[in-house]
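Fit chain B to the known structure of chain A by using the hints.
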Amino acid sequence: MKDKIFEAKDVVVKFNLRGNTLTAIRGASIDLYDGETLAIVGESGSGKSVFTKSFIGMLDKNGWVESGSMMMDGVDFSQYKTEKEWLQIRGKKIAMVFQDPMTSLNPVKTIGEQIREVISYHFGTEKEAAKKQAIELLRQVGIQDPEQRYKQYPHEFSGGMRQRVVIATAIACRPKILICDEPTTALDVTVQAQILHLIKKLQKELDMSVIYITHDLGVVANVADRVAVMYAGQIVEYGLANEIFKDARHPYSKALLLSLPQLGVRGHELHSIKGSPPNLYKEIKGDAFAPRNPDAMKVDYEYEPPFFKVSDTHYAKTWLLSDKAAEYRKELEQINAAKTEIKPAPPMDFSNAKPLVSVRNLTVNFKLGRKEFSAVRDVSFDIHEGETFSLVGESGSGKTTTGKAIMKICHTSGGEIYYDGVQVNRKMKAHELTEFRKNVQMIFQDPMASLNERAKVDYIISEGLYNFHAYKNEKERKEKVAAAMHSVGLLEEYATRFPHEFSGGQRQRIGIARALVVEPKFIVADEPISALDVSIRAQVINLLNQLKKEKGFTYMFIAHDLSVVRFISDRIAVMYKGRIMELAETEELFRNPLHPYTNALLQAAPVPDPDIERDKEVVVYDPSIHQYETEKPYWSEVKPGHFVWANDPELAEYRTRLK
Amino acid sequence: METIKTTKAQDLPQDLFTRADFHEELLEDTGFSNYSYWRSTFRTFFKSTVVKVILVIMLALIAYTVIYPMITDLDPYEVALSPVEWNLPPSSEHLFGTDGVGRDIWARVWFGTRTSFLLAIAVAFFQVGLGVIIGAIWGFYRKLDTLMFAIYNTLTNVPSTIYLVLIAYVMKPSIITIIIALVATGWISEARWFRSRILALREADYNIASVCLKTPPSRIISRNVVPYLVSLIIMDVALTIPSSIGSEVFLSFIGVGLPADLCTLGNLVNQGRSAFLVYPYQMIFPTMILCIITVSFYIIGNKFADASDPRNHV
Chain A
1 MKDKIFEAKD
11 VVVKFNLRGN
21 TLTAIRGASI
31 DLYDGETLAI
41 VGESGSGKSV
51 FTKSFIGMLD
61 KNGWVESGSM
71 MMDGVDFSQY
81 KTEKEWLQIR
91 GKKIAMVFQD
101 PMTSLNPVKT
111 IGEQIREVIS
121 YHFGTEKEAA
131 KKQAIELLRQ
141 VGIQDPEQRY
151 KQYPHEFSGG
161 MRQRVVIATA
171 IACRPKILIC
181 DEPTTALDVT
191 VQAQILHLIK
201 KLQKELDMSV
211 IYITHDLGVV
221 ANVADRVAVM
231 YAGQIVEYGL
241 ANEIFKDARH
251 PYSKALLLSL
261 PQLGVRGHEL
271 HSIKGSPPNL
281 YKEIKGDAFA
291 PRNPDAMKVD
301 YEYEPPFFKV
311 SDTHYAKTWL
321 LSDKAAEYRK
331 ELEQINAAKT
341 EIKPAPPMDF
351 SNAKPLVSVR
361 NLTVNFKLGR
371 KEFSAVRDVS
381 FDIHEGETFS
391 LVGESGSGKT
401 TTGKAIMKIC
411 HTSGGEIYYD
421 GVQVNRKMKA
431 HELTEFRKNV
441 QMIFQDPMAS
451 LNERAKVDYI
461 ISEGLYNFHA
471 YKNEKERKEK
481 VAAAMHSVGL
491 LEEYATRFPH
501 EFSGGQRQRI
511 GIARALVVEP
521 KFIVADEPIS
531 ALDVSIRAQV
541 INLLNQLKKE
551 KGFTYMFIAH
561 DLSVVRFISD
571 RIAVMYKGRI
581 MELAETEELF
591 RNPLHPYTNA
601 LLQAAPVPDP
611 DIERDKEVVV
621 YDPSIHQYET
631 EKPYWSEVKP
641 GHFVWANDPE
651 LAEYRTRLK
Chain B
1001 METIKTTKAQ
1011 DLPQDLFTRA
1021 DFHEELLEDT
1031 GFSNYSYWRS
1041 TFRTFFKSTV
1051 VKVILVIMLA
1061 LIAYTVIYPM
1071 ITDLDPYEVA
1081 LSPVEWNLPP
1091 SSEHLFGTDG
1101 VGRDIWARVW
1111 FGTRTSFLLA
1121 IAVAFFQVGL
1131 GVIIGAIWGF
1141 YRKLDTLMFA
1151 IYNTLTNVPS
1161 TIYLVLIAYV
1171 MKPSIITIII
1181 ALVATGWISE
1191 ARWFRSRILA
1201 LREADYNIAS
1211 VCLKTPPSRI
1221 ISRNVVPYLV
1231 SLIIMDVALT
1241 IPSSIGSEVF
1251 LSFIGVGLPA
1261 DLCTLGNLVN
1271 QGRSAFLVYP
1281 YQMIFPTMIL
1291 CIITVSFYII
1301 GNKFADASDP
1311 RNHV
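Chains as they are written, first to last, in our numbering: chain A, 1 to 659; chain B, 1001 to 1314.
Simulated from the structure, these hints should not be mistaken for lab results.
These numbers were taken from a predicted model, which means no experiment stands behind them.
Yeah, the Cβ is synthetic: ideal placement off N, Cα and C, and Gly gets one too.
Incorrect hints may appear among the rest.
Chain B residues, not near chain A, derived (Cβ > 10 Å throughout) [stated by the list, open to error]:
hint : residue
1    : Leu1012
2    : Pro1076
3    : Phe1140
Listed next, the stretches of chain A that the computed footprint assigns to chain B, with coverage defined by at least 3 CB atoms under 8 Å from CB atoms of chain B [claimed, not checked]:
hint : segment
4    : 298 to 306
5    : 318 to 330
6    : 450 to 456
Okay, chain B solo, but in the shape it has when bound:
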């Protein structure tokens, strides 16, 4: 190694080589990154063009289902008495054509999407909410393991279709029934998933520190644990919405869903199915919307899961 022979040292004024003031209060300033978890998460999330495009489509679609019923004078339940109006192919007057009794499919699709959306959001809200609360309690009290696992095994070992069908049979077909049916089968898997997340966090030193300070479990859960899971909860909601819409379609398809006279994507697909061979568009259009919604939500959910992982915050 060679010394860097600086002549620069000779040029420096002598008075620089005296004691400098020592600022003790500046010592703790190490400089820190302006890293913020949520900012980085959203930055990573919006970096992808796919996400941007899908998000715009989804927002437009949701906005449209809200606005459409206000601006249209088409009644999705209006039956045409004249057979001339029945089973019309798509035209400028009826964008998606009409069905077997002359109802406008375009109008029915948007009313249906709205119903399905509301239903899915309600299911996601209750299912994830219940899952988080029960999962947190389950994760925190080890004694519940035996009981909860018994419930878990019972509920998951029997195919959920059977419950869905049973509940739908027992209760009067209505939106509430479907919500109850879907939440009743879905909550336990959510709860178990959150339990495993919470178990991993529970033994962390900062939680033990809270125990040493006698922080009540309710506050440990709400202040120490759940804030770490917010991104997971958002992701979970985003993934529950398409699966709930799918389940509703499936139930309607097998005939135990919502009352047949109600406009939902499930009923539309089911009614379109009967005429599929003759008038394929009656099923294709609702299915297309259904596909766009479910695929978009899955992509958004997964992309958000990736973005919320701190390892991807580069």
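Just chain A, same shape as in the assembly:
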């Protein structure tokens, strides 16, 4: 057994907010062992960030550690107050990497200066020596030409590179513990894979322990030796990564693992956790998860469970493990055993499908200062009636721009877009536009930004009804609003509330209700789940699928993660730098990914299985492998329904591969 280097015990963190005292952390404990990675998994509001911020005294001004201890090297620093005290810990012993690399860097200082300052400040190193160390650090975090880049400013770095710089700053003082707070959430999947690789490499080289905070179970599988699952301000399960992934005991961890979109089976409902996680305003009695757990016991509503031991390294905070629940456990096992394996629904039949949306040679150019660049280049595809078409790509690939162009909320520079045979990207007549707006709706990515905070839910959902005069009298309008709310699983009486009274998942469902109240045929869903919590994602996906079945919607689904769209899409197009690289039916694409970029995307997406994830190699797509100077690439069909962007020699190779 390795040595324990840090122990937080029964930590309680409270906040003062508008006259109320709220408890954010309700007695959480973790142990950290030398050289290991502990992943803390939890949804937003579970308190994972607050918990770790309290380790380095970086709570917001209105928060404080009420009780508990934090022991490192025999010193309890939980009650440190002054900056001077904290500086003995912060940076030197425990350093932190935050989610957004841009906000952690000073935009008006060169990145070299910023690292050098940290070194000089903490160790009092001479300027020249510190500069040398800083350059060495930059090299260590995998930045090419560190001498040159030392003099550059943060805006000259890409997101992934910036995050490397932030990591370099964090490890500048050789901390024993590195806390990474969602360091890759703002990054693309392929960049994420590289950063995770880097953190692991540095951990080995510098012999650090890492606390990794994330909501993504795939990332956990990749990095973690141990996992702590957090819910409503408490650790509910703690154990080795394999124990958690293969043998989770707490109902919440179990449900979380089951609800992953990666595990979805075509045509069937995803296992979902109903409801929303409690926020700080809700009074919690007994097991915080009980109200959302359909198999909860009576005792869960009454008493808070203690930790039960599963193995020497595995503990779970649930009454299910108590001796008295033995009978109930058996009952549950029987129910689970009775569930039969479900078969995936057959893929969609395209033989007599008719296109609803046609995009032909779409090009969108933007002006950036004097320069013009193409966000979307020469993109063509059809979306058939009743289909779910997914557009997958990283940030900057032009997928959202394509979606917006179809929605007619973005200009186009070339090509045509047709909806139901009518060209969209031109000046439409008033009645044509009304017809188009009625039939085509959009669901937005960020539920926090997509609702008008100053209007009641009633108005937000009725907006379309007012615009299209789609009701005869006030009573009918109210009925329609109620029906829309009901179909997204919200209670009618919420209509009089304001959006800020809802959680992220509920807000997203209000957004969906707003779109479906006008009874559209085609919906563009722009990353509708990427801003949501893991336990909510399954709900929203199920809702979208169910609405598709009931109302016969056609979807265009925009996403950045291939694995998530797999079980909901009929066809997938992979976009890179404004161009579609590959387009095929879902299963075909996963079976025979042809383009190297598709491969890289497939590889990079984290899989929630530690055995697969740990030894995964990072594949980086390098566009310079193509010899496009000599042979021009073009868009061609290698196999019925399978299109790829390639030149003649590549096509020949792909064809032999397919045989």
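Just chain B now, kept in the frame of chain A:
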């Protein structure tokens, strides 16, 4: 980590360890904060004692300017024929003394304050109102940029004093003239300020959602955008009032303001100025009231701006 070995578990009755009823309808209840933007804004606003004190003073002052003309029998325009009544120092009979023709300055100050207030409120109302409407249209229709910026540059590059003087010369001196003069120079800066605010809101997802639903721009502006700006508008009005009073004083001071026989703070200060070296109180008292009003409004406006920022709602 150690397990908490509870003996408590042994004491619990067995029947608790059976399936509980699952209430699906309770699931959506996550508990929510009773946060309300306006309540929090006012709570933060009234937390400061400075604000409370100033607000009380201001209300008293405004109330007094309204009530005073009703309860007094002093006529601010009444000229005393006997030189004995001229230039009297402050006394219990004439609290602020009398001026060169024996008019009671106390009465004149309150009548003047009332006129100035009415004028300032009118200017603030029209200037901010025009600014919001034009700014909203300007912000929503990009095509107007060229035209509006041309107007903006023309109007702001020439010092506003020159317009004020010009307009005051061209038109007959009256309250309406002053209002027109002040609004004519002030609206464009207001409009530009609101335009920048609206630009920031315009691209928000919820506005794009409204566009997708074919909500007419007029309703997007009135339901989606302006409600976000109400606190800014209130603040803006509070800051426009003292500056309008100041401008009126300035215009009267240089002699192109309101007719000299009308009671306004500007005229009072101007008339007091001529006798300042001999009878300083004739200028000091009106100036003092002027200072109290302007400083108070500035403080209230700024404090309200702070309070309306959600980041300060802790």
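Here is how each hint holds up against the structure:
1. Chain A draws Leu1012/B into its interface by the beta-carbon criterion, the shortest separation being 6 Å against a cut-off of 10 Å.
2. Consistency note on Pro1076/B: stated as away from chain A, and its beta-carbon is indeed over 10 Å from all of that chain's, at 46 Å minimum.
3. Every C-beta of chain A lies more than 10 Å from that of Phe1140/B, the closest at about 14 Å, which supports listing it as non-interface.
4. A count of 7 residues in the segment 298 to 306 of chain A with a Cβ less than 8 Å from any Cβ of chain B is obtained; the coverage claim is therefore met, three being the minimum.
5. Counting residues of the segment 318 to 330 of chain A whose beta-carbon sits less than 8 Å from any beta-carbon of chain B gives 7, enough to reach three: the coverage restraint holds.
6. For the segment 450 to 456 of chain A, the stated coverage by chain B holds: 6 residues have a C-beta nearer than 8 Å to a C-beta of that chain, and at least 3 were required.
Violation of the numbered hints given earlier is confined to hint 1; every other hint is satisfied by the structure.
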